[in-house]
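**Student:** So the protein sequences, as listed, match chains B and X. Every letter in the first sequence is one number past the one before it in the working numbering, and letter 32, counting from 1, is 69. Every letter in the second sequence is one number past the one before it in the working numbering, and letter 105, counting from 1, is 1558.
Derived from the structure by calculation, the hints contain no laboratory data. The beta carbon of each residue, even a glycine, is placed where N, CA and C say it ideally should be. Certain hints may be false.
Stated by the list, open to error - What follows is a set of in silico ranges between Cβ atoms, one per label pair, in the way DEER data are often shown:
no.	chain 1	residue 1	chain 2	residue 2	range
1	B	Thr42	X	Ser1534	20 to 28 Å
2	X	Ser1563	B	Ser88	36 to 44 Å
3	X	Gly1468	B	Thr91	22 to 30 Å
4	X	Pro1529	B	Leu153	28 to 36 Å
5	B	Lys108	X	Lys1561	32 to 40 Å
Okay, here's what each chain looks like letter by letter:
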Amino acid sequence: NAGVTQTPKFQVLKTGQSMTLQCAQDMNHNSMYWYRQDPGMGLRLIYYSASEGTTDKGEVPNGYNVSRLNKREFSLRLESAAPSQTSVYFCASSEAGRGRATGELFFGEGSRLTVL
Amino acid sequence: LAKTTQPISMDSYEGQEVNITCSHNNIATNDYITWYQQFPSQGPRFIIQGYKTKVTNEVASLFIPADRKSSTLSLPRVSLSDTAVYYCLVGRFAGAGSYQLTFGKGTKLSVIP
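The following block holds chain X by itself, in its conformation from the complex (with noise of 0.2 Å):
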């Protein structure tokens, strides 16, 4: 599975738009690249994935350009509650359905009053 390289930290004032940028140089055809963010003392928690250009759910915006090698997960005006570690994870399909994600060290985002 292809390493992904993410900043270790990040800081933001509430209310601001946060961009987490992730590498992935070695992005194979088959991989979706997808977000979780973990707070602590519990399991880490599905935020968004996709496999190219733009995808956006009620939560987050992942911007995925067309040579794939990174993408931008975008967090629209965050809070106090956003403060956590967000994970850039690269995956494929290991058969009948199951899939195999590697998980880096993720980028811990600190939203400021």
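Isolated chain B, as found in the complex (with noise of 0.2 Å):
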């Protein structure tokens, strides 16, 4: 199994341009999440779904939008770019019971996006 499946890996923007960020899971996991990594610091929330069909904000959802498109993706999407958002953003998902423990998240390996 591949896990869960970010695209891009790496992406340069101008401030200003907008971009979507793909993320798919084959784990038929009920929730999903996105998370940003600045330099030196641990994760923060930006969105997630709790089921298909759900969207929440997190800690820091300003500047982001997302879609779930399906049980499998949830995307996350920049409007218009700002170097404030130079991150590495990582997206997850979970499925509470099964044998899983509650807080265990199964993680992408990050998209690198750096805003100029």
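With the hints as a guide, bring both chains together as one complex.
**Tutor:** Okay, here's the thing in structure tokens:
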């Protein structure tokens, strides 16, 4: 299994440009998440989707939009990129129960975004 | 979500047991304590989770006292490959099986040959 797959892995944008980060999971998980990680910092939750058809704001949602396209896919969109959004973005998924610990999230490898 | 405090960095020699302590004074009744490991240029990886007392799996043990205001991750006989950042998190259900976690800055563990 591939687990959680993020595309693109690297992206450079100019201020004001828009782009969408794609995330897909093949573990049939209900819940999906988007985090960002700045250098030397921990991860901060941007948005999450508890189940297909629902999305909720996390700690730092400003400047981002999300779409839970179906159970497998959860995309993150930057409508007008700013240098402050330069970061590494991680997508994750989880499924409580089924023998899994409730706090066990499965993370992708990250998407490194630079906004000039 | 409760804020967590853990040492910024720790050094250990190969083969030693490493204990990383985390404080979470404002933990709520419904919160679980979870630890993650992160290598450079990778996403975090789940290590262990607990609610109270002791939990052990194949890679680590987690000790949580009765008041749950702190927890200690114990890594037995570390090797060079255990060099990573370790995050202590307090989290709770956010509905429909999702789990809301707050990451701090973590503890950077360096294992020395």
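**Student:** Next step is simple, just say for each hint if it's right about the structure.
**Tutor:** Evaluation of the provided hints:
{"no.": "1", "hint": "B:Thr42 to X:Ser1534: 20 to 28 Å", "result": "25 Å, holds"}
{"no.": "2", "hint": "X:Ser1563 to B:Ser88: 36 to 44 Å", "result": "40 Å, holds"}
{"no.": "3", "hint": "X:Gly1468 to B:Thr91: 22 to 30 Å", "result": "48 Å, violated"}
{"no.": "4", "hint": "X:Pro1529 to B:Leu153: 28 to 36 Å", "result": "46 Å, violated"}
{"no.": "5", "hint": "B:Lys108 to X:Lys1561: 32 to 40 Å", "result": "36 Å, holds"}
The structure does not agree with the numbered hints 3 and 4 stated previously, though it agrees with the rest.
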